[in-house]
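A.B. asks: Sequence:
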Amino acid sequence: MSYLFGFLLFVIFIRVLARSSAILQIMKRRVRLETSYVAVAKGEVEEAYQRILAPAFKELSELGFVDFCWFRGCEASRKDDLEAFFCFMYHPEQRTYAKLVSHTELTAVRETQCSFMTFFNNGETFETVNGYKHRILSDVANYHIEDPYVADLAEHWNLHLQRLGRTSAERLEKTPEAIGASGNAYFAGYREALLAQGVLKPVVTDAQRAQFTLKGALRLQKAAQAGSVRMAEVVNKASASTPTLDYQVLSHLRNDAMSASRESMGRLGKALLLLVSLGVLTLSFGFKLDIFPLLILVGVVFLHELGHLLAMMVCGYRDLQILFIPFVGGVRVDKGRISSWRKIIVYLMGPAPGLILGIGLCFHLPSDAPVWMTSAAFILIVLNYFNLAPIQPLDGGHLWSLLLFRRRPVIQLTFFCLSILAIAAFSWWAKEAVFGVIALLWVFLLPNQWRQARLFSHLRRHYPRLLESNRAEQLAAVYEGMKTLKLPWRKTVAYQQVNTLMRSFRDRPPRAWEFLFGMTLYLALVIGAPAALTQTRYGDALQDIVAPWLAKKGMNWDGQIANAKNPRERLSLLIAAGDYYFYSGDDAMAEKYYDLALKETERKGISPEEKIKVLYQLAQALFMNTNDKESVSIAYLQEALRLYQKERIQNGELIPDIYELLVECYLFQSDYMSALKNIDGAFANSDIRRNEQRVAQLYMLKGNALSELHRVVEAERAYIQGIKASKSVDFKRTVELRLLEFYLNEDLNDAAIKRLESLLYGPKAFTGYTDGISYNLNLRLAWAYYSKERYIDAEITLRSLLVDMTDAGLGDVSLLPALELLHIVQSAHDPWQAAGTRIWIEQIAENTLDLAPDAYIDSLREQLHFIPKSSRYRRKLAEAGLTSFGVKNASET
Numbered sequence: 038m039s040y041l042f043g044f045l046l047f048v049i050f051i052r053v054l055a056r057s058s059a060i061l062q063i064m065k066r067r068v069r070l071e072t073s074y075v076a077v078a079k080g081e082v083e084e085a086y087q088r089i090l091a092p093a094f095k096e097l098s099e100l101g102f103v104d105f106c107w108f109r110g111c112e113a114s115r116k117d118d119l120e121a122f123f124c125f126m127y128h129p130e131q132r133t134y135a136k137l138v139s140h141t142e143l144t145a146v147r148e149t150q151c152s153f154m155t156f157f158n159n160g161e162t163f164e165t166v167n168g169y170k171h172r173i174l175s176d177v178a179n180y181h182i183e184d185p186y187v188a189d190l191a192e193h194w195n196l197h198l199q200r201l202g203r204t205s206a207e208r209l210e211k212t213p214e215a216i217g218a219s220g221n222a223y224f225a226g227y228r229e230a231l232l233a234q235g236v237l238k239p240v241v242t243d244a245q246r247a248q249f250t251l252k253g254a255l256r257l258q259k260a261a262q263a264g265s266v267r268m269a270e271v272v273n274k275a276s277a278s279t280p281t282l283d284y285q286v287l288s289h290l291r292n293d294a295m296s297a298s299r300e301s302m303g304r305l306g307k308a309l310l311l312l313v314s315l316g317v318l319t320l321s322f323g324f325k326l327d328i329f330p331l332l333i334l335v336g337v338v339f340l341h342e343l344g345h346l347l348a349m350m351v352c353g354y355r356d357l358q359i360l361f362i363p364f365v366g367g368v369r370v371d372k373g374r375i376s377s378w379r380k381i382i383v384y385l386m387g388p389a390p391g392l393i394l395g396i397g398l399c400f401h402l403p404s405d406a407p408v409w410m411t412s413a414a415f416i417l418i419v420l421n422y423f424n425l426a427p428i429q430p431l432d433g434g435h436l437w438s439l440l441l442f443r444r445r446p447v448i449q450l451t452f453f454c455l456s457i458l459a460i461a462a463f464s465w466w467a468k469e470a471v472f473g474v475i476a477l478l479w480v481f482l483l484p485n486q487w488r489q490a491r492l493f494s495h496l497r498r499h500y501p502r503l504l505e506s507n508r509a510e511q512l513a514a515v516y517e518g519m520k521t522l523k524l525p526w527r528k529t530v531a532y533q534q535v536n537t538l539m540r541s542f543r544d545r546p547p548r549a550w551e552f553l554f555g556m557t558l559y560l561a562l563v564i565g566a567p568a569a570l571t572q573t574r575y576g577d578a579l580q581d582i583v584a585p586w587l588a589k590k591g592m593n594w595d596g597q598i599a600n601a602k603n604p605r606e607r608l609s610l611l612i613a614a615g616d617y618y619f620y621s622g623d624d625a626m627a628e629k630y631y632d633l634a635l636k637e638t639e640r641k642g643i644s645p646e647e648k649i650k651v652l653y654q655l656a657q658a659l660f661m662n663t664n665d666k667e668s669v670s671i672a673y674l675q676e677a678l679r680l681y682q683k684e685r686i687q688n689g690e691l692i693p694d695i696y697e698l699l700v701e702c703y704l705f706q707s708d709y710m711s712a713l714k715n716i717d718g719a720f721a722n723s724d725i726r727r728n729e730q731r732v733a734q735l736y737m738l739k740g741n742a743l744s745e746l747h748r749v750v751e752a753e754r755a756y757i758q759g760i761k762a763s764k765s766v767d768f769k770r771t772v773e774l775r776l777l778e779f780y781l782n783e784d785l786n787d788a789a790i791k792r793l794e795s796l797l798y799g800p801k802a803f804t805g806y807t808d809g810i811s812y813n814l815n816l817r818l819a820w821a822y823y824s825k826e827r828y829i830d831a832e833i834t835l836r837s838l839l840v841d842m843t844d845a846g847l848g849d850v851s852l853l854p855a856l857e858l859l860h861i862v863q864s865a866h867d868p869w870q871a872a873g874t875r876i877w878i879e880q881i882a883e884n885t886l887d888l889a890p891d892a893y894i895d896s897l898r899e900q901l902h903f904i905p906k907s908s909r910y911r912r913k914l915a916e917a918g919l920t921s922f923g924v925k926n927a928s929e930t
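Going letter by letter, the sequence shown gives residues 38 to 930 in the numbering used here.
Check each hint, because a few of them may be wrong.
In silico SDA-like cross-links for lysine to any residue, where the CA-CA straight-line distance does not exceed 25 Å [to be verified]:
id : residue 1 : residue 2
1  : Lys468    : Phe481
2  : Lys259    : Ala233
3  : Lys629    : Lys648
4  : Lys648    : Arg679
5  : Lys825    : Glu745
6  : Lys769    : Asn813
7  : Lys523    : Thr537
8  : Lys825    : Arg748
9  : Lys648    : Ile598
10 : Lys764    : Arg754
11 : Lys170    : Ala260
12 : Lys468    : Leu478
13 : Lys650    : Ser711
14 : Lys95     : Ala85
15 : Lys211    : Gly110
16 : Lys79     : Glu214
17 : Lys170    : Arg256
18 : Lys636    : Pro604
19 : Lys65     : Ala254
20 : Lys523    : Ala490
21 : Lys468    : Val766
22 : Lys650    : Asp694
Bear in mind the hints are in silico, worked out from the structure with no lab data behind them.
Take the sequences, apply the hints, and build the full model.
C.D. replies: Here it is in structure tokens:
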């Protein structure tokens, strides 16, 4: 559930990113400071453009307008020098001009943008536009613009006439040249006003262009949001119409040109976006992971994406950016056409460096390496190897799509469906709802994927030589195909889908050598990584998990040892045999070979360091064995420490392990004073002091020893020091539980209640009744309340726990410990309620005993071991017929 909460944060981030990206897009625009409009003959205008304006031309003719002139000019927001055309019509009776131009916005209601202009002898101009007044950010002297936001052209004209009726100034007729000069003067004044107000600023590298400031971008976005509300009303009133093919092609080309005019956001903007997305990635996983695993995860993802980025730079990608997306990783934004072999390198340069680094760490990490180093190696390998899975949008999925499914849209759609099923299956297996949500979201992408596949197949079938045509002809074929197949894409969605399709259509499939190159590298990573891992000390465990049928059976250790060429090789084989049986769970055989290895250390040529290692391993095997040989283990460990002091060995890497095992042996023998003495000796060792986790472990062992000696204050201090020293949340929780057991055993119920309430309800409370920790804490809190005769508090705690456990879907057996405690609590103050709880317990016990006779007692023994043997609850258990239930002592716990 914590991942799900992080995923919700990610969704919020995407929402905020969408808003902020709109501002960034505005700031990336470049606007011409100088524009000119020149009168041209109608014959110079493309026929396709005239066909777009023809419906509006006809409507205006019916309203009394006649053809006047045409203008040509460069659009202010275009980077290239391609020009747009404007048609002017004239109403002789009203002395008013109508300006017609094709709409640039994909969301426009009409294909033609129309405005009415009237010039007066006092130097003023009235213009009535329609649908874009919100984009005009400043007024110009003597130029008055209004916008009715209406859907009908006739209504638009009538509203302009109403404006004219409110003034008595004389209207002027103008020549085409005069109208062009007026337009140029207006745009010059408008740009000067925006520069003066700080909405625009000149581009440093291009004196002929300006760009929006942050203030201007915010202002334009706010105005656009207000205008979109007005336009939504217009769209709802307007009758739906299918855009013409000419308009679709022209608007697509113009939007491509405006997109090309946007400049890169620059290094500062990219760095800011990277940091923000990295922060969201950290937050998304921060609710589930401890700080060190979280930092390692972020570092691994960063290394992965950095590999992609460097490969892109080498392979000629442009306008690069890393954007971290939680639960997916990172997205590399690029532009330009790249050959297939370069894409293969880019896809594999993400997981390859991490895999190689992780496997290298496995080869060279010492056995007592810090936890964070082993965690880093584990995450490097798992995350990057998982990324090679043939599932989109992972790198392996992209590679498979490139090598196998390019130009095969139906097969690619099938691959996409299988990817969704794979993610859903992983969600079920990992029991993480967030991956199920991702799979569900991808299901909604399937209809568009299917439409893309249909359109792609249609184009290949009907336009086999489409790539030889120019851009306009290609777009015309695509939009014609959309119409033929009756695809529901409109306006902005159509623009995006067509661009996606055109990119797929232009990308040629990989050549034979590129296919072999990509598959060779891919299989080298997929097969080589686990093969290399099998050569590390983790190889046997990996082999048992991945291919248990390949596990080594019946190894001839005695034969190998007999054939050893020298004592050092013989010792090495004896230790290897002991390790093999020790980690296989055969402690008796491990003890045998370690004992032989110890005897081998008496030969010449064996160093003290090797003898110390054998002594430790033999002591460990004896301690793990069930033959009560702790005294022998202690003797071996003391001999190892004596050798360290006698030989003055500088490399003390085994000293922390020796001291820790020695303390555990003494605790097992209930020799608590000797345990304390060796703990103090361990603390005096510099190698131990540098290992914070070792320090925390020793503090807990010290607390265990002191608690058995009933040195209450010292024991409490030791446990608290262990909690503070631990950097692992899991181990910190272990020490917390041990401290609470100590409080309850010593009848320090007030201290137990205070700490439990802090852990359960404080600012850093443990959460989740199914993870075991809060469940155990609530049981202990209820017992502490009961011990202080706070029966109501105890009952409320247990009832709340039972409700949460039931809601979490836990089985009846899991409820028994809480129900037993609830019965005891109720017996003390509400016998009637206690009788009802006893009936509930007996029903569960009867059903459980039918299925598993020992489950009832075993569940209580496992989950209520913290109750002191001398407590009143022991007597209550006896009354309930549970006298066979035993409690382990604190040192065993």
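A.B. asks: Each hint should be assessed against the structure and marked as holding or not.
C.D. replies: Against the structure, the hints:
Note on Lys468 and Phe481: the hinted pairing holds, with a Cα-Cα distance of about 22 Å set against a maximum of 25 Å. Distance restraint check for Lys259 and Ala233: the Cα-Cα separation of roughly 20 Å lies within the 25 Å cut-off, and the hinted pair is therefore satisfied. Only pairs whose Cα atoms come within 25 Å are accepted, and Lys629 paired with Lys648 is accepted, the gap being roughly 16 Å. Taking the CA atoms of Lys648 and Arg679, the gap is near 12 Å; set against the 25 Å cutoff, the hint holds.
Of the supplied pair hints, the one linking Lys825 and Glu745 holds, its CA atoms being roughly 23 Å apart against a limit of 25 Å. Restraint check for Lys769 and Asn813: satisfied, since their Cα atoms lie roughly 15 Å apart, inside the 25 Å limit. Straight-line distance between C-alpha atoms of Lys523 and Thr537 comes to about 18 Å, which keeps the hinted pair within the 25 Å bound. Between the alpha carbons of Lys825 and Arg748 the distance comes to roughly 22 Å, so the proposed pair stays at or under 25 Å and holds.
Straight-line distance between C-alpha atoms of Lys648 and Ile598 comes to about 18 Å, which keeps the hinted pair within the 25 Å bound. Pair hint Lys764 plus Arg754 holds up; C-alpha atoms about 18 Å apart against a cutoff of 25 Å. For the given pair, Lys170 sits about 9 Å from Ala260 by alpha-carbon distance, which is consistent with the 25 Å threshold. In summary, the hint linking Lys468 to Leu478 is supported, as the alpha carbons are separated by about 18 Å, within the 25 Å threshold.
For a cut-off of 25 Å, the pair hint linking Lys650 to Ser711 stands: about 23 Å separates their Cα positions. Restraint check for Lys95 and Ala85: satisfied, since their Cα atoms lie roughly 16 Å apart, inside the 25 Å limit. Simply put, Lys211 and Gly110 have alpha-carbon atoms about 19 Å apart, close enough for the 25 Å limit, and the pair holds. Simply put, Lys79 and Glu214 have alpha-carbon atoms about 15 Å apart, close enough for the 25 Å limit, and the pair holds.
Only pairs whose Cα atoms come within 25 Å are accepted, and Lys170 paired with Arg256 is accepted, the gap being roughly 14 Å. With a C-alpha separation of about 11 Å, the suggested pair Lys636 and Pro604 falls inside the 25 Å cut-off, and the hint holds. A distance of roughly 10 Å separates the Cα atoms of Lys65 and Ala254; the hinted pair therefore holds under the 25 Å criterion. For the hint pairing Lys523 with Ala490, the CA-to-CA distance comes to about 14 Å; that is within 25 Å, so the pair holds.
A threshold of 25 Å between alpha carbons decides the hint, and for Lys468 with Val766 the separation of about 22 Å falls inside it, so the pair holds. Note on Lys650 and Asp694: the hinted pairing holds, with a Cα-Cα distance of about 11 Å set against a maximum of 25 Å.
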